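Peer 1: Residue numbers (our numbering), protein chains in the order written: chain D, 1 to 98; chain V, 1 to 544; chain C, 1 to 141.
FYI, nobody ran anything at the bench for these hints, they're computed from the structure.
The model shown is predicted, which means the values in this text are computed figures rather than measured ones.
Ideal Cβ positions, reconstructed from N, Cα and C, are used throughout, including at glycine.
Where hints are given, some of them may not hold.
[To be verified] Computed far set for chain V versus chain C, every beta-carbon distance over 10 Å:
(1) Leu39
(2) Asp100
(3) Arg239
(4) Ala487
(5) Arg517
(6) Asp528
(7) Glu540
[Claimed, not checked] Derived list of chain D stretches under chain V, where covered just means 3 residues or more per stretch with a C-beta under 8 Å from a C-beta of chain V:
(8) 8-19
(9) 45-53
(10) 65-72
[Claimed, not checked] Selected chain V positions facing chain D (Cβ under 7 Å, derived; list incomplete):
(11) Val339
(12) Tyr361
(13) Leu492
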Amino acid sequence: MKILTGNNLETGDVVWWTGSGWSRHVADAVDVDEGGEAIAAREEGARRVNAPYVIEALETPEGPRPAHIKDRVRALGPTVRPDLTLKPADPNAGSWVI
Amino acid sequence: MYKYDQYDQAIVDARVEEFRDQVERRLSGALSEDQFKPLRLMNGLYLQLHAYMLRVAIPYGTLDSRQMRMLATIARKYDRGYGHFTTRQNIQYNWIKLADAPDILADLATVEMHAIQTSGNCIRNISSDQFAGAAAEEVADPRPWAELLRQWSTFHPEFSYLPRKFKIAVVASDQDRAAVRLHDIGLQIVRNDAGAPGFRVFVGGGMGRTPMVAPEIRSFLPTADFLSYVEAILRVYNRYGRRDNIYKARIKILVHELGAEEFTRQVEAEFPLVKALGLDAPEAEFARIAAFFADPAFEAGLADELDLADPDFAAWAKQNVHPHKTPGYAIATISLKPVGGIPGDASADQIDLMADLAERYSFNELRVTHAQNIVLPHVRKADLYALWQQLEAAGLATPNLDLVSDIIACPGLDYCSLANARSIPVAQKIARRFADLDRQRDLGELKLKISGCINACGHHHAGHIGILGVDRKGEENYQLLLGGSGAEDASLAKIVGPGFSEDGIVDAVEKAIERYRAIRQDGERFLDTYRRVGVEPFKEAIYG
Amino acid sequence: MVDVLRFRDDASADEPAVTLDAFVGQSNALSVRIEAGEDVRLLIPHLGRIRLIEVAFPTFRDGRGYSAARILREAGYRGELKAVGDVLVDQLPFMRRCGFDSFMPDAPLDTAAVERALGRYDHAYQKAADGRPPVWALRHD
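So that you can see chain D by itself, here it is in the shape it has in the complex:
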């Protein structure tokens, strides 16, 4: 699947396109198929997102899993500081990234 990601302009938070807005949780990301670039341009123009781009992801039972490790790190947080990630209490979160 293809999903759309970027950063919130004011906060810098990593965000994922949900179909209607932007979420901080990759599990909320939808398949944008071939329409990602157009959505990115529109959303960036309206400043609802900064620096958006389309990525490949695998559909999994837990939700989309970005194909590239860099985006998985973005999705969760630094592997070396689990306490600073989106899932500090989840001992398996790190292995989802790696």
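Given chain D, put chains V and C in place with the hints provided.
Peer 2: Frame of chain D, contents of chains V and C only:
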């Protein structure tokens, strides 16, 4: 250390308001990201993997307790309770909001700090020797010249849109603790036969995709010509540096493509034209600045011996303490490399503690080293034990300076959008593998440096052992390099063979080190043995 | 919004700027346009007769025009020095310091933003082409 006058303060304050205006125009849409990006970079603000990252300048690595406390405050107030000290003596915060950035800069300005030109295609933080003003063997304190360069380079109207970033380092000792020959311009203060001070000038060093050791282009530049000459170098670069390919845009490429001789000829031709403009600061200005770097009020007649009865203290004193130019004093290095920790990171509490210790034990002064540690430059020997006890209680007393677990590591793929692989976990695993301090001390000086991508912020080209993280078909992979040095014996590490997985690189490092131990001769460091025997014995040990 | 900015009292040159090659080949051109990579020193023998030099900024990131401008002013050029192309508000202060006294940006500039930018800094650390004394001169009068 240098203190702002009304002019310095006015300039920094104006910059804060300028950036506040620019941020507002970005948020309102008056500026596109493409237009805004160079502006925010010139204020040290990156968009990284998790958030914006702010790189705060610590000019030539020197700061005082008040400034250190502000760095802790910034970490708590605007970030997530910690900061990362970098290989250019700056500090980075990883979780910054764009909307907060102007206020952060305003807070920094109240203690004479800023984030000016810590990124962007302009002249970056001037780096220097972390032992400046304290080491016995320096010709002079290099920092007054570093401060002159800082002011000269700040908002230089001709050189703010260079082909690429520009890094300058200044030292004043034959022992190069700032890696000057791996900088765009490296300056070493020397004295001529008449005893007058001047500079050896190196141009065109650097790491990254095409590492190069800078050639010397001038063996003696009188200090009175200093800024004019540097201006001439920058003008040649600004006019003729490549702008067609960002991987070929550093001055090292220009020097390499022209050849050092032709490049030097062009600089020497430009120099008299620039000199005629009268833009060198007068001697009075140098004297004004130099006065800020006068020695603190060292006491005379202090005890020069140490009580080494406590073996843990003795280990730290032996490894992390350097001789001072003044009897009774010592230079103490605080390790930010606890085994299994994140190299260069410090919590807000640790930063506050270091500020307190500097105030109490080091005339209020601290230094940041390019190896991502902190130095207290002027500690009475009589105070070292009490200092060590407090460092020990805070996890800041690892006695591993220049040993194998004193690793330089960039933030890597855990933080950086440029990275291809994670570097911190590799550093942690290697440090844990060699956790035994007796083993580390037996191995002696061993500088291990890890970069998560070819940009080489971890200085892997300059490591006795260097590790480069790469992306191999979507997977993290690590190349092993041997034989680099960032000191006065500068050399570039060479890759030994095919890359490894994360666990594989740790094993490969251990094999290389054990091979060193097996074949070393008396007094040889790892680097010396490598230089004596070449890569083959190591290759054979690693790949079998 | 403003399409051109000019900080001179005299009348504008009224003939179009020729290319550097054309200028060097002609004895009567008074206005010349310099592209980003061209060597502005070729104009030095002719500065006395030139009324207008345009310096191109193909992208605002290309900083070669700043050196071109300073070199011309340092060589004694007193005519109009115009920055043309991808000229944005935030680069104007540096351009003025390098000696540019007129601007023809690709996109119009917000006048209020221009005023704020140009009035922002009372002091400069280094000598440039605008005659402003550097801070070190103020410190040691």
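Peer 1: All hints, please: hold or fail.
Peer 2: Okay, the hints, checked on the actual structure:
1. The claim that Leu39(V) is not at the interface with chain C is violated, since a C-beta of that chain comes within 10 Å of its own (minimum 6 Å).
2. In this structure Asp100(V) is separated from chain C by more than 10 Å, as the shortest Cβ-Cβ distance comes to about 21 Å.
3. Chain C draws Arg239(V) into its interface by the beta-carbon criterion, the shortest separation being 5 Å against a cut-off of 10 Å.
4. Distance to chain C confirms Ala487(V) as a non-interface residue, since its nearest Cβ pair spans about 32 Å, more than 10 Å.
5. No beta-carbon of chain C comes within 10 Å of the beta-carbon of Arg517(V); the shortest separation is about 51 Å.
6. Non-interface status of Asp528(V) relative to chain C is upheld: no Cβ of that chain comes within 10 Å, the nearest being about 44 Å off.
7. Against chain C, the non-interface label of Glu540(V) holds: every CB pair exceeds 10 Å, the least being about 49 Å.
8. By the rule of at least three residues with a Cβ nearer than 8 Å to a Cβ of chain V, the coverage given for the region 8-19 of chain D holds, with 6 such residues.
9. With 3 residues carrying a beta carbon less than 8 Å from a beta carbon of chain V, the region 45-53 of chain D meets the three-residue requirement, and the given coverage holds.
10. For the region 65-72 of chain D, the assignment as covered by chain V holds, since 4 residues bring a beta-carbon within under 8 Å of that chain's beta-carbons and 3 suffice.
11. Hint status for Val339(V): violated, given a least beta-carbon distance of 14 Å to chain D, over 7 Å.
12. Annotation: interface hint on Tyr361(V) violated; nearest CB of chain D at approximately 31 Å, more than 7 Å.
13. Interface restraint check: Leu492(V) against chain D, minimum CB-CB distance 28 Å, threshold 7 Å, status violated.
When each numbered hint is compared with the structure, violations occur for hints 1, 3, 11, 12 and 13.
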